[in-house]
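Student: Since each chain sits alone in its own frame, please combine them into the complex, following the hints.
Residue numbers (this note's numbering), protein chains in the order written: chain A, 1 to 244; chain B, 1 to 240.
You can take every hint at face value.
Per the computed footprint, the stretches of chain B lying under chain A, defined by three or more beta-carbons under 8 Å from a beta-carbon of chain A, are: (1) 49 to 56; (2) 67 to 79; (3) 87 to 94; (4) 100 to 112.
If you want the footprint, here are the derived chain A segments under chain B, 3+ residues with CB under 8 Å: (5) 16 to 24; (6) 72 to 85; (7) 230 to 243.
Quick list of in silico lysine to aspartate or glutamate cross-link-like pairs, DMTMM-like style, CA-CA up to 25 Å: (8) K16(B) - D244(A); (9) K91(A) - E66(B); (10) K55(B) - D244(A); (11) K16(B) - E82(A); (12) K91(A) - E157(A); (13) K55(B) - E66(B); (14) K55(B) - E82(A); (15) K91(A) - D89(B); (16) K55(B) - D8(B); (17) K91(A) - D149(B); (18) K55(B) - D149(B).
The hints are simulated quantities; they were obtained by calculation from the structure and are not laboratory data. Glycine residues also receive a C-beta, built at the ideal position from the N, C-alpha and C atoms.
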Amino acid sequence: MSPRVTLATARRVLIQLIRDHRTVAMLLVVPSVLMVLLRYVFDNTAIFDRLAPALLGVFPFIVMFLVTSVAMLRERTSGTLERLLTTPLGKLDLLLGYGIAFALAATAQAAVACATAYWLLDLDTSGPAWLVVVIAVADAVLGMALGLWVSAFARTEFQAVQFMPAFVLPQLLLCGLFTPREAMADWLEAISNVLPMSYAVEALTEVTTHTDITGTLVRDLGIVAGAAAAALGLAAATLRRRTD
Amino acid sequence: MEAAIAVDGLVVDRGKRRVLHGVGFQASPGAVVGLLGPSGCGKSTLMRCLVGVQKIRSGSVRVLGEPAGAASLRHRVGYVTQAPSVYADLTVRENARYFAAVLGVPAAEADRAVRDVGLDDHAGQTVGALSGGQRTRASLACALVGRPDVLVLDEPTVGLDPVLRNELWQRFHELAADGTTLVVSSHVMDEAGRCDRLLLMRDGRFVADDTPTALRASTGTDDLEEAFLRLINAASAEVA
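Bound conformation, chain B alone (with noise of 0.2 Å):
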């Protein structure tokens, strides 16, 4: 089956810094790929070329079989970032609504996608006078929008209590069981477990590319932040 999502050899340098340090990662279609790291080891970026904006120094980006950002694409990847983006003098139903009238699908999918992430009792309030969870929710209904094939989310459930995570997490299952590929970027810890694949970042690099299972069975924890440590130092320990 051909992957989902291809990367090689990816560099990427924003300003003189280089933020990525030719990263590479497979994933097949209907995935959950989760992204973990530190904030600023260049989990938004290495997104950010996911979905076509970033400029790159040298590798390859490849989605669904094209590279990303091909405008072939811009109907079947949804990209979340990290801040809301939103208007927020419009309501959530009209935020989805407009998205809907871009991709070209009808409105009642726009609506769908709201009660997807249960803001349909909100759908007619701005968004500017939701607090920041519902905020960061009405952003995700306009991705869900349109069932895209690839969704792209940073940090989505940040500031969101732990019911309304929970309810998340069980439909991106829901969607990768339909067949979506799931990129999702976590600075926490313990949304790593219900991942299917975990990619650990640090400084623009990946520390470990394994299941969640693995990585607690190679490193000899069942915790996973402790997993991550472990992982760290021993990195650290075999450059010096």
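Just chain A, with the same shape it has in the complex (with noise of 0.2 Å):
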């Protein structure tokens, strides 16, 4: 792999990002909403600063995770892999390239979503805001690099988008918003314990309750990191150049 190949492929994906506008504007508005909706849904202060900086981290993660998935399988179907996979472009340099652009846009949805709930909807968590837009970040990495890995076992765009009530719904049922996972049944918290959205959650949970940067939330990002790490080494094993 090289960085200027890596550098370009961020810089394609970006301008076929930014050239959806509707995309972008959907991007950068709809967590917002969502936002203003949960505040006045329970019209409660402290449920909403309960739940809201979790919810911070799980937007970004949906929607990059849907948007890559769909993005990654335009790829495949339109032969544009298969053409790429002919150049001196390598594996790592096309995931990577997803991976800035989309960590990029992931970081500006972060920052408009965590401006409402903050300064507009007054919510009030321990730790620092900035804190839970880096948090964010990289739940939206991660939902991007599973994105990236599960649109190989997808071959249509309706599949694609299936993948998302399949692969997501179940972690955040289990990560612990709904219920408390020490509260769950044995099984249910196993499960729970491999899922790598409990960490997300737990993170940012981290933050509303502590003033500085506990060692359970470092443990916490290194695990959401490492997941992510972990999926875009399975997405590079799904791309092969030869096929039948």
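Tutor: Here's what the structure looks like:
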């Protein structure tokens, strides 16, 4: 792989993304609208302060999972992937190119959503807002890496879209947002222990309750980053230069 | 002189179906080889083998002295798939410049390739907004970037008007004169006469491998379509 090709790919993916104005608008606006809904559905600042940070991490995770799995599927079905794999482009150039482009998009998304939550809706956390943004971007990168990987198992966009409920909703149910993980049945907690979103949400919960950066938070971020790297590795393994 | 392309005993299965039944041919540098035959006869599969993206069952495919698909060939082989494989949401120029960046050649090379296919007036338009023929040319431009030594073009002139087709064939011959080896597939016989060498293909086998002149002579007709028919009839008569 080469930095030149990786950056050219990141640039290319970003241009493609930016050219789709409606997608950009939705990427930036939808999480904020959902934050507003969350705030007034409960109409209770204590519940909002507890749930909002976790959801600030979950939204970019879900959105980036969806966007990248469809983008990669397009690359496969349009023939551009086959063509790229006949060029000097390395598999990691392609995957990291996507990674950089969507991490930048996720940063913009998380910044807008956090600005809405903190300034407009008076979100109150013990830890700093920038830390929430950092964790949200890590979650987005994880969602993106998983999306790149699972797109290999989809033949159509219909299938790719349905990997969202299949891959993401179980993680959402088991991540401790609805019921504390310790309170779940042992087998559910065991599953929850191996799902990366559990650690993403735990890290955000740490920010809501602690003023400084805790050891748990650092460990959780490490787990999220490790899971993202593992998913990218699996995604690389699904990119075959030679096919049937 | 070493062959630019050497294929020997190539067998390819796709699923349970045998698509190529032990085909072989050689092409010398600077040749324009036409691969002709009805759709579904195995042309695209053979081209995928030449660029090294097709799993093969047996046989050998060597390009510029290396096994097809070798890392060292990735700078030297240009490939245009049958369906235009370019990014519809990027402009023609952006597409060509992306491939230039991947190949590590200057952006000016990309702009030259866009001019070469006659798309400089449309360089700033997104590919999705172009006509089918223009998209095909945009895809071709990306393959010309970096002046590859071997160009594998799967039906590059489909849907183009005769004037443009003529221009592109002239361009192909200019490239060949500079030493580029071209393998061009087509299912229209009127393009056959423009090739130095013809490989006529049917059901995963070659029914002829010769120059257009020699084919006309051996079949006793000036019409290459008629020549193709006579060859096939002769081949089926042999089997029966």
